[in-house]
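2 protein chains.
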Amino acid sequence: MLINELPRYEILDEASMLELERGWRRIVSELGIDFLHDDAIAALEGAGQKVEGQLVKFDPDWILEQVAKAPREFDLQARNPANSIHIGGKHMAFGAVYGCPFVREGIERREATYADYENLIRLSQAFPQLDTPGGTICEPNDKPLDSRHLDMVYALLTLSDKPFMGSVTSGPNALDTLAMAELVFGRESLEETPAIISLINVNSSLRYDDRMLSALLEYARANQALVVTPFLLMGAMSPVSVAASLAQQVAEALAGIALVQTIRPGAPVVFGSFLSNTDMQSGSPSFGTPESAVGLLCTGQIARHYGLPFRGGGALTASQTVDAQAAYEAAMTLWPTFLAGTNFVMHSAGWLESGLVSCYEKFVVDVEMLRMLQHVFQPLQINEETLAYGAHQEVGQGGHFLGAVHTLERFRECFYRPLLSSTENYERWKKKGGKDAAARASDVWHKTLEEYEEPELDQGLKDELKAYVDRRRTELGD
Amino acid sequence: MLINELPRYEILDEASMLELERGWRRIVSELGIDFLHDDAIAALEGAGQKVEGQLVKFDPDWILEQVAKAPREFDLQARNPANSIHIGGKHMAFGAVYGCPFVREGIERREATYADYENLIRLSQAFPQLDTPGGTICEPNDKPLDSRHLDMVYALLTLSDKPFMGSVTSGPNALDTLAMAELVFGRESLEETPAIISLINVNSSLRYDDRMLSALLEYARANQALVVTPFLLMGAMSPVSVAASLAQQVAEALAGIALVQTIRPGAPVVFGSFLSNTDMQSGSPSFGTPESAVGLLCTGQIARHYGLPFRGGGALTASQTVDAQAAYEAAMTLWPTFLAGTNFVMHSAGWLESGLVSCYEKFVVDVEMLRMLQHVFQPLQINEETLAYGAHQEVGQGGHFLGAVHTLERFRECFYRPLLSSTENYERWKKKGGKDAAARASDVWHKTLEEYEEPELDQGLKDELKAYVDRRRTELGD
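So the protein lines, in turn, are chains A and B.
Number 962 in the numbering used here belongs to position 1 of the first sequence; there are no gaps in the numbering.
Number 1177 in the numbering used here belongs to position 216 of the second sequence; there are no gaps in the numbering.
Misleading hints may appear alongside valid ones.
When chains are identical, the list treats them as one kind, so a pair holds in a single copy or across two.
As a list, the in silico DMTMM-like pairs of lysine to aspartate or glutamate whose alpha-carbon atoms are at most 20 Å apart [as the list claims (entries may be wrong)]: (1) 1011 with 1152; (2) 1051 with 971; (3) 1011 with 1170; (4) 1018 with 1149; (5) 1396 with 1385; (6) 1408 with 1171; (7) 1396 with 1431; (8) 1396 with 1066; (9) 1391 with 980; (10) 1396 with 1069; (11) 1393 with 1171.
Don't read these hints as lab results, they were simulated from the structure.
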């Protein structure tokens, strides 16, 4: 995984940070936040917070005391220990797109299926730039709804040996995820080092809903990692102001994290951000906007201020197809993702059409961008060896370095080598079919799937997982 | 123009800066640099530098003494004073692509003509994101070679009233540029505040050629601005090492700038960078690479160290068409361009196919990226007003901000509004023709040209310029 040794890019001064502090404190204490789950209300009331029905008004200092119990960094174990990752500090972990009902393959856009789900896990497993397939890479619509989560966790545990994201569709589904992980990792090991990281979205504004809370509670009790994420499209779930939305984001995220710490002190959490804005002309969400870039840079600075690892960014775009817009909007999110040193990056590959679509070709485009940026965010070595004075002595004035000894010794490794990009001259490119990046990306993912090898898994364990799925599916009536 | 108030992103530590200092000093003093022009040699020898034929070995301290005579910042006047710009400090000026023999319009790629040249100036004039059309936006191949520069300067002075770049194809052509500018600005005003900025490329490695030097000498004598730019494709004109190429870049640029200051102390100069790398698999140049991004970030830091405004970056790509690659490579250059606070940005719009092609659609894609980034690099206001607590009070828990008073008062101005990007839902987008970004860009530039209005210019002055062109064309035998 990437350890980003370059500096963080921070754009807020101290006065701005103080204003934000004032902003979120006022929101949690004066307005309060809804928690639509009895256990959550009981826990918060028990800890001395002011409860009015489902509304909780917080003491901001109490929130910060709870937040301080969360680890600044933590490990997330993978089925293959070589793929275990570290969340926090200078580490950056990348996961595929999450939550899409549709897929796009070439010019075909259709409902996603379980076969797509499996393929997208295979691609996530194959590209070393991705540290996790994530969870709901796409929605397997051809599987029965009530037991779908079982098929998904089964695929995540068998087709990949990287860390994965758990089901959050309900508390019982979270328990299924935990049970299946327990078969693989063992209860003790799982308790000691989390293997599941799960996305808890706030039902913004200022509300945690019942389903998300029930999943949050189960994972927190089991000491598994949670990404607590205000879901903010400015103009819809938050005001049309980056400053106001950042204050709301802190209020919502820290309140949820405080709840986690009340349930299980020391449980691993990630300060989540999903912050973009509505296109005020069309009323549609937009992604890869200047506002989201700015919000992301600020979020990193804010999360570090509270000593928490954070999630944000990705390769977001509103584009309907794998065109220039898809790429520049993705880059408009990925650059600040790296500059902010984002610790956990969902939606790093495959996101298209405002997250409605998991796209195979976009997946490859995004992997290429990740590869490039992972190359940029490496420290530059400047020393006697890299100054390569001998090459200058050899070539002198007006010469050419292609044949220099220094070049010949290094030409294979000296520069980034593209996966997808073409530098061919026009005539050659034209002769080879004049394929644009999307067409070449299609070739790349097909080849990657062909070459994919399923990671080894003990057949007995595989059978146990299968038996669990079958048994629970029957119980769930699917 | 943009005043970039966000922080500079600097990635070199003090030890690295010292190593680079050692590196360039060794190059200029031990290896030396060729200057293929007698006047240049005479000037440098007269100033006490060691001359061996066309080779000059420098005292690095003398170089720095000359460099210190250059202004840290300067104004560049435009025919329309409202379009005058400032080069240096926090200011960033953007110009169109420069030097392309071909144009691309839709799927047609052809030799560029004077009609294209005029159209691309019109587009540069129309988009406020561009501070200058630059100079050779494309090569007007249908105009006779010897007098082509006259037609180009005429178009630059009549179709646009923004600052422009002068001809550097020879000393006499530079004198023609100066003479035409003098008709417009007057000799005294021109001497006092430069109106022409010209690109002097080093014939790297370690060589200034006769043509570039003869142009450099004329512009320096006339106190016009010069962008002294080592032309470095690592692996061809410099070693396959970013560190070595940066040292060479400093050596070449500072030596040329020292020459300018010897000719005319205090003449305005810009530390130029054009730093990318060869694709070691194809042998072709690549653009928008991780190495060029890193080199650009370092260049800003280095230029500031020597107290010079600097040029670098742009919307570079090796892509043959306006696809995802064209956009992510352009973004891979534009993001560091802004992060480095680049003072003068050539190739900001229209660059395609490693600079061989001026592309109309890419022009619009790049303008959209510039608009977005110019929005990102604005200071974020966080204060009681922007915290918008009233909106939170109004909407409360689980509500929607679209109808909030705060939103209704601000919805027109609150967010960036795209020129090109689409957020339409799939069905609507499909119904409207399913146009990708390149197809929509075609609509945008056609409409922009239709709406273009030629800036006012006194008819007498226009006739004088025309008469100059005609007279000189006859003298040149075209």
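Taking the hints in turn, this is what the structure says about them:
1. 1011 with 1152: neither (32 Å within a copy, 73 Å between copies)
2. 1051 with 971: Cα proximity of residue 1051 and residue 971: in one copy and across copies (15 Å, 17 Å).
3. 1011 with 1170: Only inside one copy: residue 1011 and residue 1170 sit 19 Å apart there, 78 Å across copies, limit 20 Å.
4. 1018 with 1149: neither (36 Å within a copy, 71 Å between copies)
5. 1396 with 1385: Close inside one copy (11 Å), not across copies (27 Å); limit 20 Å.
6. 1408 with 1171: neither (43 Å within a copy, 51 Å between copies)
7. 1396 with 1431: Neither. Shortest intra-copy (45 Å) and inter-copy (46 Å) distances fail the 20 Å Cα cut-off.
8. 1396 with 1066: both (16 Å within a copy, 17 Å between copies)
9. 1391 with 980: neither (56 Å within a copy, 45 Å between copies)
10. 1396 with 1069: Both, since 18 Å and 15 Å are each at most 20 Å.
11. 1393 with 1171: neither (55 Å within a copy, 40 Å between copies)
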